[in-house]
Amino acid sequence: MSFPLLTATAALPALGAVATAAVPARQRTAAKWLALLVSLATLALAIVVLVRFDPDGARYQLTESHSWIRDFGVRYELGVDGIAVALIGLTAVLMPFIVLAGWHDADPLETGSRRWRPTQGFFALILAVEAMVIISFEATDVFVFYIFFEAMLIPMYFLIGGFGDRAHSQGEEAASTQRSYAAVKFLLYNLAGGLIMLAAVIGLYVVAGSFSLQEIVQARADGSLTMATSTERWLFLGFFFAFAVKAPLWPLHTWLPNAMQESTAPVAVLITAVVDKVGTFAMLRFCLQLFPEASKWATPVILVLALISIVYGALLAVGQRDIKRLVAYASISHFGFIVMGIFAMTTQGQSGATLYMVNHGISTAALMLVAGFLISRRGSRLIADYGGVQKVAPVLAGTFLIGGLATLSLPGLAPFVSEFLVLVGTFSRYPVIGIIATVGIVLAALYTLVLYQRTMTGPVKPEVSAMPDLRVREVLVVAPLIVLLVFLGVYPKPLTSIVDPAVKQTMSDVQQKDPKPAVEAAK
Amino acid sequence: MSAAAVHSLWTTAADPISKIDAPKIEYGQLSPTLIVIGAALIGVLIEAFVPRRSRYYAQVFVSAVALCAAFAAVVALAAGGYGTTKAHIAAMGAVAVDGPALFLEGTILLAALVGLFTFAERRLDPAAHGNRVDSFAAQAASVPGGEGEQAAVKAGFTTTEVFPLLLFAVAGMLVFPAANDLLTLFVALEVLSLPLYLLCALARRKRLMSQEAAVKYFLLGAFASAFTLFGIALLYGYAGSVSYARIAQVVDGTVSGVDPALANTMGNDALLLIGMALLVMGLLFKVGAVPFHMWTPDVYQGAPTPVTGFMAAATKVAAFGALLRLLYVVLPGLRWDWRPVMWGVAIVTMLAGAIVAITQTDIKRLLAYSSIAHAGFILAGVIATTEDGVSAVLFYLAGYSFVTIGAFAVVTLVRDAGGEATHLSQWAGLGRRSPLVAAVFAVFLLAFAGIPLTSGFAGKFAVFRAAAEGGAAPLVVVGVISSAIAAFFYIRVIVLMFFSDPQPNGPTVAVPSPLTMTAIAVGVAVTVVLGVAPQYFLDLAGQAGVFVR
Amino acid sequence: MNPVNYLYLAALLFTIGATGVLIRRNAIVVFMCVELMLNACNLAFVTFSRMHGNLDGQIIAFFTMVVAAAEVVVGLAIIVSLFRTRHSASVDDASLMKL
Amino acid sequence: MENLIALLIAAPLLGAVVLLLGGRRLDAVGHWVGTLLSTASFVVGLVLFAGLLGKDAEHRTWTQHLWSWIPVGDFQADVTLRLDQLSMTFVLLITGVGSLIHLYSIGYMEHDERRRRFFGYLNLFLAAMLLLVLADNYLLLYVGWEGVGLASYLLIGFWQHKPSAATAAKKAFLVNRVGDVGLSIAIMLMFTTFGTFAFGPVLEHAGDASEGRLTAIGLMLLLAACGKSAQVPLQSWLGDAMEGPTPVSALIHAATMVTAGVYLIVRSAAIFNGAPDAQLVVTVVGGVTLLFGAIVGCAKDDIKKALAGSTMSQIGYMVLAAGLGPIGYVFAIMHLVTHGFFKAGLFLGAGSVMHGMNDEVDMRKYGGLRKYMPITFVTFGLGYLAIIGFPGLSGFFSKDKIIEAAFAKGGAEGWILGGVALLGAAITAFYMTRVMLMTFFGEPRWKNQPTKSPEAPSAEPAAEHQGAHGEPHPHESPRTMTIPMIVLAVGSVAGGAFFDVGDRFLHWLEPVTGHSEGHSPLSALTVTGATMVCLVLGVGLAWAQYGRKPVPAHAPRGSVLTRAARRDLYQDDFNHVVLVRGGEHLTRSLVYVDHTLVDGVVNGSAAGFGGLSGRLRRVQNGFARSYAVSMFGGAALLVAATLLMRAV
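Protein chains in written order, with full-length UniProt numbering: chain F, 1 to 523; chain C, 1 to 549; chain W, 1 to 99; chain Y, 1 to 648.
It should be emphasised that the hints constitute simulated quantities derived from the structure, not laboratory data. One thing to keep in mind: the hints can contain errors.
Calculated pairs, BS3-like style, for lysine-lysine (alpha carbon to alpha carbon, straight line, at most 30 Å) [what the hints assert, rightly or not]:
{"id": "1", "chain 1": "C", "residue 1": "Lys86", "chain 2": "W", "residue 2": "Lys98"}
{"id": "2", "chain 1": "F", "residue 1": "Lys461", "chain 2": "F", "residue 2": "Lys296"}
{"id": "3", "chain 1": "Y", "residue 1": "Lys55", "chain 2": "Y", "residue 2": "Lys162"}
{"id": "4", "chain 1": "F", "residue 1": "Lys391", "chain 2": "Y", "residue 2": "Lys447"}
{"id": "5", "chain 1": "Y", "residue 1": "Lys162", "chain 2": "F", "residue 2": "Lys461"}
{"id": "6", "chain 1": "Y", "residue 1": "Lys447", "chain 2": "Y", "residue 2": "Lys371"}
{"id": "7", "chain 1": "F", "residue 1": "Lys461", "chain 2": "F", "residue 2": "Lys493"}
{"id": "8", "chain 1": "F", "residue 1": "Lys504", "chain 2": "F", "residue 2": "Lys296"}
{"id": "9", "chain 1": "Y", "residue 1": "Lys162", "chain 2": "Y", "residue 2": "Lys447"}
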């Protein structure tokens, strides 16, 4: 019995969360450092996973399997394929920056008893989320995945509802009500999705008699398990609904803007860059593999929804007055791309989608965290309250611009690679949809540059005239992300080489082949 | 009526006297019940002979010992294989000793033990005139606010009768799910109900509400048991017997030795169906299923909180046990008649409970409605009519009862000058004041909401899965939807506790004695264990899934 | 005379009792109506016992009486204490808790 | 030797990185670093050029494979550079002109505190532009393509504190993005058609693909070209782009970047050859833009905007030529190069003039400057002669060839295109003469009138020479500025002849683009003659209007056409009304929809449950008897239902 690496990767932050929560109220800073160290250690473990993972090896590697709840046919089964490795990597990479960026976000206000320890709670919750996200990337047992997919909501919920931007335009009272509204909305949306998925999960068990992803896929392959078409479709819809809420796909997206708007920048990053990825990841791993036929059946509708998300999200981003809301809608547009890539059912599309998950994570993190620094300086989220910042804080403005350029997927930065792959992948099977989707490219440029112009350029507003430039801690947060963006934009091969085999596998599970070019000779 | 017939009546009536032989009772196998009843009687004697100041301790001691002993007996029986291989009918066919019975008895006894701790709590209320007081009226007979009461309080009286009453109720609950003929069922029903009626009336604070709760509970309960009894009568009329086995045979038509009278009544399905409906209705009343639920909120709110907790937990367990046995042992032959009806009841119960709870403003009423919704979920499992269904329901009940007691125990802690602060607005910002209590309560709420890694989720999953396998997929969908609705108000409370600022003159959290702490701790422990590693208990419930008939 | 008639009588009594519970205000009377329902049940038991020619029904009737007696004890205790508190035995007055 | 290719890009890229990350400590030397590195790149270019000349025409294509970029299934994008005659030409033009303008900027930006960053951006531009022309596949070209877009964005908006500049930058980027969409779709089409998008295989097998697909690809490429090269209908950004510092206008918006579209079309010759319809569209776009730019150029009083219009029009010539197919490709590039010289020269001249005039850009406030800034006058004048196609100067050769080719297209098309080209030549002569006269001849119109204080106090250096107010004192610019002007002037004088003699340029480029002699219905001499006539007409007209009688210091209302031309033929207004306003309405309404409809459904359902709950809980009215009623009813229902079940 070898060392349970995957379990360790998830358990470490979990234990870290407990430890952090246990730090006495006085040693606030200790808690912060502890959290930072734990996240770094997790990163180290994730790197070990990355190293130990052999792209050309078995479908699922580093597998663990133990009996858990026999009566429910549940086994504690973990295993990673390339896609999972990539996303675990993303999570582990982002966490330290999230912790670092949120360094002062949870310093307690005066109110509350001496036992009230918001700081410890904040970082403990963040680590808890990390643990649950990682394990849901690792789970190859539907039930295990479901459990953590759902349980994840609770710490997220407290992070959103419990901690918000310090200075708030309408005062603390309004702030807290809006916060709890956002938190409740987030929870109910996702819980509803999750519960509907629960029905589907039970249905799956009734039909398949097992929760093990591999077993079911195997059984379906060798024909020992057959599903009635209607059953498969219902189950697929049950699963997809939950993931579409999480992703979030139009028209189930409205929780995201509120959640991101009300939560602090690091938490917002946690939501959109990490937690939401579980949704798209699950589409790729569970929807497609468990219900290939139904997936193909649903593809047209889903593609249209994705297309709507792309255009709609971008257009709304253009119309926002609030920086964070703008980023949120931009993310909705990007998630549209991801879903489109997944259901384009081409190698390029799905690899692109996976890369997109990673790159979008990094780019949004960069943009959002810088935006957070900006907001924390002026104490307002409204675009209109800024102007001419680049004059007083050139570094901040510069990083902000780079984050923006990444968001509009400028060639040379990572997101371009994934976005183009998604487009090509979609185009090669559904040309019209692919072409319409390119509208998203133009709109992305529009909302990003308008945001930059309104906040950073023009005459210096008096309120921002005294704004300090990025501090060391903040530079430490942003610089590595930017380096990553450039590196993955120029040399994404390490990532693609990990992801490709897994995608090919998925393609064969769905019995799909890439369309052949019209002129073979050229190849 | 012909003379011959009359004469025969007399003769049959007169004849057998010489033939009566002493009944054969398996005292060992009935020991749990007997122990509890014995302890209850001792409790009565204590009330009679032990001096007032030492009564409390004596009562608590006796009750605790009795409950533990009874539980030990249950464990011993289960270990002795009475739950599985040696399961059989004891006491001349009156009481079944089998898996479900033992499992439920065990659950009830543990719940009762935990409940007992909350009953015995004396630290929460400020000491009156130097005497530690519990949450029961100093002298139930005295008029609220009258000088009689003041005198009683001054004298430091406490109603230690609650402990024997508790034990009697427990005894009834132990027999209820094990009863194997309708008469025993009825008697057990009354034995568990009557003490509860009284306990409801004994609150120390808010006595008017307490008495009102008692009256409502009593009248409606009596009303319901009248229906039950009439149902029993009709079934007896149909089958000519009240023993489950016999009735089942008659229903299946596999009965032997059909005399003309029986042949006559057997033909009359109306007797059977109406009787069944009325009997089931009586049980549905106890579990608080819509539309027989209306007593629940009022009684839960008015009764002393420890009683509410105990009642909500143990009564549900016992009643569902009886319902299961009735439907699985007596009426399986009628499945196609009662299942659709129960479908309706389950659906209405789940939805109504969840929806009405949304707008509740009193924490105890909120929990009452949530318990209604949960009754609906459990019914979904009952309807499965598979072995998995049985074990799922058993598991659910086990998990649910401890969460409930724990939750109500927490409610007893949050107090202001007027006693317990049960209005939701008073709970605002509790998380800031005392994070621990709020966190614990949050855990219970999440368990109620069925969030994964809590017993609530495991139970819900088991029940829904059983229902789905039993071909009740629509029920599962409805259940899922109503859980989503229900989640809303559980979340509301959490929001209130953690995200809204505490009110200036809000309630304080009393520091309880180890008793209540144990109760809550047990609740949390069970919630987490059953949520994370439920396998062992699922095995237990699984083994206990078979009824003897 | 056909024993079935006794059943009709029992059903009638039961219905009367039930109706009484629904329409009467005074707790005592309501309770008496419940007792009436129980007695209706007893009648039914005895009748069936007669029809089937076994004694179970009669025995149950005795049990019922005992239970009813116990119920009376408990019930009167509660109702009386309520009456002493409110100086009224009306069921409708006891409606503090609602919604 | 192939391995030097990467060095071309590496040098300026390094410069960009160093200068942008270097921080203040580099402020002192930043500009020299930048200039040095771009010059280094130029030197490398020369070396490679020599190397190429060393080989015979067939083996003048070198590739350097650096690394595999995006390998996903059949989708294989590599980072490979390709140096052949075509890209070599561009490399020399870019690095050469680029270096000169670096040098010029040293003086021009002397007093700008952010000069270091300016040079960083310039280097960044060079790197991107070189990548664009050196890329070996369309996706890599796309990277350079957007890279220059970014650089142009940064440089147009260099004076970000001016809202107008920021807006202009944003506009340029957005309009270009529209074009880029075309490029990306074209690449996707290539991938689905050929399974690859590397120059080699695609161009080689272009013939095998159906004409329909080729046409589609061609049109998409054209869309891209329109965006980058400011061709109608995507030309609107170029005028505003003049908000940038003048060296930027010279380098990016005259000499190099804006010609990228022409490069793209010529590079994709094989595709266009297979798609006549696409070619026709290209020629039409070229022709229209040619006139559009020229007309706009006639009406502008802002010297830079006038030149911008001219740029548009000249690129129109190139595109037109490129659209003609093999008979035009070479001349398109040739005109591109010569235009690079004289237009850059003209812009630098304009910059020098502004430098001496407190950043005054309104030509109506110039006049008689030849005495004050002789070098500028001479260089500018030579550029002027070159552009109008004065015999013997570079413009004469390149433009003349294009006009011939246009006629040579044959048929009605040929006549129309040729006519347009001729007309264009006439108008060119007119507006350039106008610029010349208004600026350097006539009475000084700037005497004893304070010029408006420049919008960018820190920006244009002249502010220091003169208190921003008070009348300007025109003076010659420092040497760092004049030298580049002189060099470019030489280029614009000699370039054409040098290329034309013995068809040097033709032979040089033919292996890449291919060439076929069209047979024009008119003899070359006739065409040249016609061109001369047009030229004289244009000059004469301009002299009649601006030379004979004094120029009014304030613009007269002017004819309908004039007013239309001043407002870019209302094209911007159209955009504003249709796209901007419409877009704003769309987004605003969508925001509303999202809030009320999409979100409303959710909140509504929540509220609905709340209301339902509120209504249901009233049933719980506190009266025991009503509870009993519900129980009784329930019992009745239960019984009824059970009996019913049996009945059915």
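Hints versus structure:
At roughly 49 Å between alpha-carbon atoms, lysine 86 (chain C) and lysine 98 (chain W) are farther apart than 30 Å, so this suggested pair is violated. Proximity of lysine 461 (chain F) to lysine 296 (chain F) is assessed by CA-CA distance (about 54 Å); at most 30 Å being required, the pair is judged violated. Of the supplied pair hints, the one linking lysine 55 (chain Y) and lysine 162 (chain Y) is violated, its CA atoms being roughly 51 Å apart against a limit of 30 Å. A distance of roughly 36 Å separates the Cα atoms of lysine 391 (chain F) and lysine 447 (chain Y); the hinted pair therefore is violated under the 30 Å criterion.
A distance of roughly 13 Å separates the Cα atoms of lysine 162 (chain Y) and lysine 461 (chain F); the hinted pair therefore holds under the 30 Å criterion. A distance of roughly 14 Å separates the Cα atoms of lysine 447 (chain Y) and lysine 371 (chain Y); the hinted pair therefore holds under the 30 Å criterion. For the hint pairing lysine 461 (chain F) with lysine 493 (chain F), the CA-to-CA distance comes to about 44 Å; that exceeds 30 Å, so the pair is violated. This hinted pair checks out: lysine 504 (chain F) and lysine 296 (chain F) have alpha carbons roughly 16 Å apart, not beyond 30 Å.
A threshold of 30 Å between alpha carbons decides the hint, and for lysine 162 (chain Y) with lysine 447 (chain Y) the separation of about 28 Å falls inside it, so the pair holds.
This entry does not satisfy hints 1, 2, 3, 4, 7, going by the numbered hints stated previously.
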